[in-house]
Structure formats: structure tokens, C-alpha cells
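First to last, the sequence lines map onto chains A and B.
To convert a position in the first sequence, counted from 1, into our numbering, add 356.
To convert a position in the second sequence, counted from 1, into our numbering, add 26.
Honestly, the hints are just simulated from the structure, not real lab data.
These figures come from a predicted structure and were not determined experimentally.
Glycine included, each C-beta is placed from N, C-alpha and C at the ideal position.
Mixed in with the good hints, there may be bad ones.
[Said to hold, decoys possible] Taking beta-carbon pairs under 8 Å as the criterion, some of the chain A residues facing chain B (in silico):
#1 V425
#2 L458
#3 V773
#4 E785
#5 N789
#6 Q809
#7 D810
#8 A812
#9 E813
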Amino acid sequence: MKVRRIAFSLLVLLALILSACAQPGQTPTEESQPEEPAATQAPEAQEPSGDGPVEITFWHAMSGSREEVVNGIAERFNQSQSQYRVLPEYTGSYAETLTKALAAYRTGTAPVIVQVYEVGTRTMLDSNAIVPVYTLNQGEVDWADIVQPILKYYSIDGNLYCMPFNSSTAMLYYNKDMFEAAGLDPDQPPTTWAELEEYSLQIMEAGAAPGGFSMGWPAWIMEQMYATHNQLFADQDNGRSGLATEVYLNSDFGVMVLTEWQRMAEEGVLVYGGREYAANDPFLAQQFPFLFQSTSSLGGILNAAEFEVGTAFLPRFEGDFEQGNSVVGGGCLWLMNQASPEQQTGAWEFFKYLNSVDETITWHKETGYFPATNTAYERLKAEGWFDDEPNHATAFDQILSGADTPAANGVLLGDFVQIRDIVGAAIEEAVVNGVDPKQALDEATAQANQVLQDYAELNQ
Amino acid sequence: MRPPLRPTRSSRTTPNSTSKPVQVIVWGAECLSRQRSAPQTFNGYMNTRFPNRYLPYFLIGPMILVVLLFFIVPSAQSLYLSFFRVNTLGTRSIFVGFNNFVRLVTSRDYLNSMLVSLQFALMVVFSGLSLSLFVAVVANQRLRGFAFYRAMLIWPYALSPAIAGLVWGLMMNPNFGLGALLLRRLVGINFNYLTSSLAAIVFLALAATWKMFGYNIVFFLAGLQGLPTELLEAASLDGAGSWQKFWKVTFPLLSPTTFFLFIMNTLYAFFEIFGLVHITTQGGPGQATNFLVYNLYQDGFISLDTGFASAQSIVLLMIVASLTFLQFRFVGQRVHYL
């Protein structure tokens, strides 16, 4: 009797366990389609009627205060019409968002719109998973109104492939209080690396800061150096006239840059600050007077700084280098081709809405990203926005003052995420671990070329 | 006498790998003899307890299913994928034979990753085991409030690696971390885990040791409490000092626990530090903390190089397999009563 009862209760237990086990088996598919809008759906969207608004999923990587700004845009768009409903969802960092979108595409559950950062551009172009935005434009949007360097970055053969959304570039931030403490003119920021080093040493000697400068996204700053000095970073016109198969990382120019950086690191002028935004904190804590960082940090830095912040163009190396331009970074919105025709039309309506002057201006003011159209820029200028906020004009003036050459339009590389990681590691090896710059770059070049060749093999 | 804490189901690796050693530690030598004689009694045992011969299989069914779904099938898939190079969308794949493995062993980065993982494991295992043994011996002296101490000591283990990473990352942050500030002010060391390779690996080893601390202590305490007191008394009568008693009696008797913890800590140092690394150093500076699991994550989930990452996961599987084999082979056999 007793044995029976135990066996029976065991069986019940087993049934419970089995049913619990069945769920983990199913979750992978559920996890791969996190666009399931159940949680965010408004009640009316759950009605089974066929004439409800068409839902447009939008995955993005805008965290913190920027996420609210994105939600605000979607909210205003949804209220402006009743046909479509944009559902923005934060899906992690840029790399995670791209990875998730690609993984979801494999299972047929891709979002309608996905925000992809600039290094993912080549991957998206070759993915056969997208609808280029230029094919949707029936003359409603004047592409020529989009600020040239942004337009150029996301265009191939003059055709725009994704909707520019959050564009930024790198610039030099500096601490005006420290300039004064060291007897320097706070309105005369350095324009060359030699001056940067000289001012840094002066400020360090005056005891105003223990270090000279640091940089966020060092591998990207390296790309910026190539672009501003009009040096090609890769073959095939930086990967714009065909798939690039080799990088020019260990060129004389690259080795010169890294050697200089290493020398300044040994002097204590360059304070290495990690790969992304980690260098912002010591800059704000007044550990050094200069910071190379994306313009997208401007809002945060202005808010947090307890000193007067100045901004300047990226410094140049002395020598016979042509004028290039700083490269656009940030993200672009891609339309995935698994979306239904109605969703695609809806996405296009949303893109048009984003591109409107009012939304462009709001986006710029609330985040610090570029206003993407010339009309919006002119309006901001007429409003006197840039007079009140001169730091917001710096990067814009910088990209508008550069040259339009293949080297300055930005690099398109297959598996660029991986390559940027390789470059980042090479910079760390030289600047932090004291490895010979030439050797570090030779190895990085070999690795990057291998990545490019694999990519070409798989995508031709 | 049973130790107060039975460390069952504490395993983080395959369920098989710990069930046996756990028994060995808890019941010591008597259990070993039972295991050796198990095959003869097993059938009789089954017949007396179960109404029919299928029920036992039915009962272990769920476990088999879980192992199959989450271990065997994915491993087989990894093995299959490791022979291909796949593009990011998975739409094209090229058969490359053993090329992914050849690349692995010829890659300077991967060898470096192997080396730093090994260094890291050594640091974590050595500092973790010696410190926690010390604390366990001290805590074993007085039993009042034991439950409280035990709960306090095992706390860090309950934290997820990511939380531990956040806590340590904030504490040792070179700009505003209290720990870094104290080091600078009191000792004059500029401890910056973001820019110094040595600082990075030491920092991670400290955080990892701290997180495993409670786990180790609880096992050591259990081991210490299970020691036969008569041996220690005999040693006292022979005039052994506490130093001698520890090294000549306690430490050798504890060796099964020590060996078990050695394996668990090694596995931990190799495989479970992902969250910690991802939150703090992200493999840097340079390649200084690019441990095997982190390298795999980078290649598989950031670079989407599925084939290459699969080859790495096969290598990792072999490492786990050999550690588990070691554990099965030697726990309680050679190490016991050195």
C-alpha cells in the first residue's frame, strides 16, 4: 500500500517535472522573437479586428535618457495617424541589437526596423535581408537635404540604403578652467598634436592635472585620424567600390600615429581610458584637460562637468597631409525585408516623420546628435541655438569644413565589429603594454585581413 | 555524525560530475566501499523497491531528457558546426574540415587566451583554497553562532557574477572607487584595472576568489567537522602542537575535500567568470583578461563567427571532460589518507 502511494506521488511529481521541462524546450524560439509586444501593447491593439493599426516593431540601442526620447518620437508618430503603430524596443548595446536582429532574421522573426551602428553597415548591405530606403522614396524626401557627410556614409553609388537617425562624430573636449590655471588662453584650443602635447605638459607642470589627455573609442579615433588626414584605411576606396580585402593599418601613417601615442603614454600625457565611454569619468573628475570623444557625449559632459567645457576640432599631425574629414559614426535605421508590404509602407511613413524638421530639431536638442538635414540646421541657426550653445556647433562645423574624398567618407568593412576589436586590442598592446607599435599593427593587419578574406569568401 | 550541511545539488557543471564526489566528502570512506560493492546489490535493491522494472527508467527519464536537450544535442551541433565557416546570417556555409581547429592552435591570440586563463585559474585556486581553508579552520574553533557565520560567509556565492562584477567594478573604479582611493592614499599604489594588465588580472582574481570564498569555506567546514576527533586527540596526547596537528593530521584527512574544491574552483575559474569579465574589463587591456570563455563569446556572439566559436567550444568541452575525468578517477582513491 505504502509503496503504491509513494509510487503514485512520484508519478505526479514526474508529470510536473516533465511539464516544466517541456517549457525550457520551447523557450529558445520564444526568446528569439522578443518583439512580442504583449507587455507594451495598448488594449485596443489586442482586439482581434483586422482593421487595427499595422504594428511596426523597431529595435534600437538607445539606452538611458535617449530611450525616452525615442519613445517620445514613436508616441508622437502614433498619435499623428491611426494607420500604423510603431513599437520601439531597447534591445541592448549596438552589437547586441545587430546580433539579435540577425538571429531573429534566421528564424523569420526579424523586426521591421532595426537601428544598426555604422560599423554594421557592410554586414547589412551584404545581408540580403534589407529593403534599401532609396527604393521607397517616391520623391517625397529630398535626399540632397541630408547633411552631405551623413548621406555619403550610408550611400553606395549615390543610393541611400538606410535612414540616417543618430549621427555623431568625434571631437576634442577640453577643460577651460585648467587652461586658465596654466596661463593658457581658454579660447585657443590646440589644433595640432604637437600643440596638444605642449599644452598638456604645461597644464601638468602647473599642477592643474596629473595627465594630459585620454580618448573614448580609441580604435574609432584611429579611424578618425586616417580620415582627417585623408589616408585610406582599406583597399577598394575604403571598401566603397567593392569588398575590401586588406586594411592599411600598418602603413607608415598608422605606425606614426601609434608611435606618437605610445610616446605620449610613456610621458604620462596620454592616459589610457578604456574602449568606450570609460574615459569620460576621469575627464569629469579633472584628471586630464583633454578628451577625445563622440559628440553624443556632449549633453552628458555639459551636464556633469563642474568646470567650463570647451570643444574643438580633432587635432592634426604636422607634416604634408591632405585635408580629409572627420567620419560620421552613430546609427542608421534599416528596414528588414521580412516585413509585410503594409509594414514597409508604415516604416517609410515613420522615416518621413523622423526626417521632419521639428523632429530632427527635437532629436538634436535632446540628445546632442547631429540634426541630419540642412533645413533643420538652418532653422536651428536662425533660432540662435548655436550662439547659445557653441559647443553643439563644433562638430557640425568640423564635418562641414572637411573634404569629400573616398578616404573621408568612412570605411565599409565586412565584420567590421571584429576588426574594430582587433584594432582596439592593438592600440592597447602598444599604449598600455609597451609592445612595439609596428609589431602590434603588423599583427592586427594580418588578423584583420584574414577576417576580410573570410568575409569575401562567404559573401561574394 | 552527519555534517550540518549536505552539499548536494551544488554542482554547476554536468550533474554527474558532482554527485559522486559530494557523497565521498559527506560520508567519507564508508561510502566508497558501498560504491565499490554497488553492482552486486543493485538488482536486488531495485526489485525490492520498485513494483516493476520500467519505473526506474521512467523516473530517470526527465534527467536523461534534460541532459539530451541541453547537453548532448547542442554539443553535437557544435561539433558539426565546427567544421564549417558560416556567414553572419547563416545563409551560406562552407565546409572547411579541420581548418577552424588549425586556426585555433596556430592563433597567437588563442594561445595567449589559454595562457591567461591558466594563470588566472592558478591564482584563483591557490588564493581561494588557502584563504578559505584558513578561515574555515579559524571558524571551526568556536561553534557558537555557527549557522549565522555560515550564512554570512556563503552570501557572496549567492550573488550572480554580474552583480559581483558591478560591486567590484564600482569599488575599484580608478576614478571614484573607494577601494582604489584607499589603495592610493594609504599604500600609494595606483591601482587601475582598465589600463594595467597586471592590475586587471589581479583585480579579477580577487573578485573571483571573493565570490567563491563562501562556497569553499562551507565545504571545508563540513570537511573539518566530519574529521574523526580521536585522531586529533591521539596526536595531542603524543605531544603534537597545533601547527603539527594541522599539517600532519587535519590537512591530509581533508585532502578529498581539498581535491574536490580544487576541481570545482578550476572549473569556476575557467568557465564561470564570464559575467565578471563582461561587466568589468571586457577582456582588456589588450588581451590581458581575454579568457577562453570570453574569447568564445566575442567570436561567437559579437563577431558571429559561428564555426570558429564552435571549435572553441569543443576545446572547452574537452577541458571540462578531462577535469571531470580527473575528479572521478582520483577523488577518494589516491588522495585519501595521503
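Evaluation of the provided hints:
no.	hint	verdict
1	V425	26 Å, violated
2	L458	6 Å, holds
3	V773	6 Å, holds
4	E785	4 Å, holds
5	N789	5 Å, holds
6	Q809	11 Å, violated
7	D810	6 Å, holds
8	A812	11 Å, violated
9	E813	7 Å, holds
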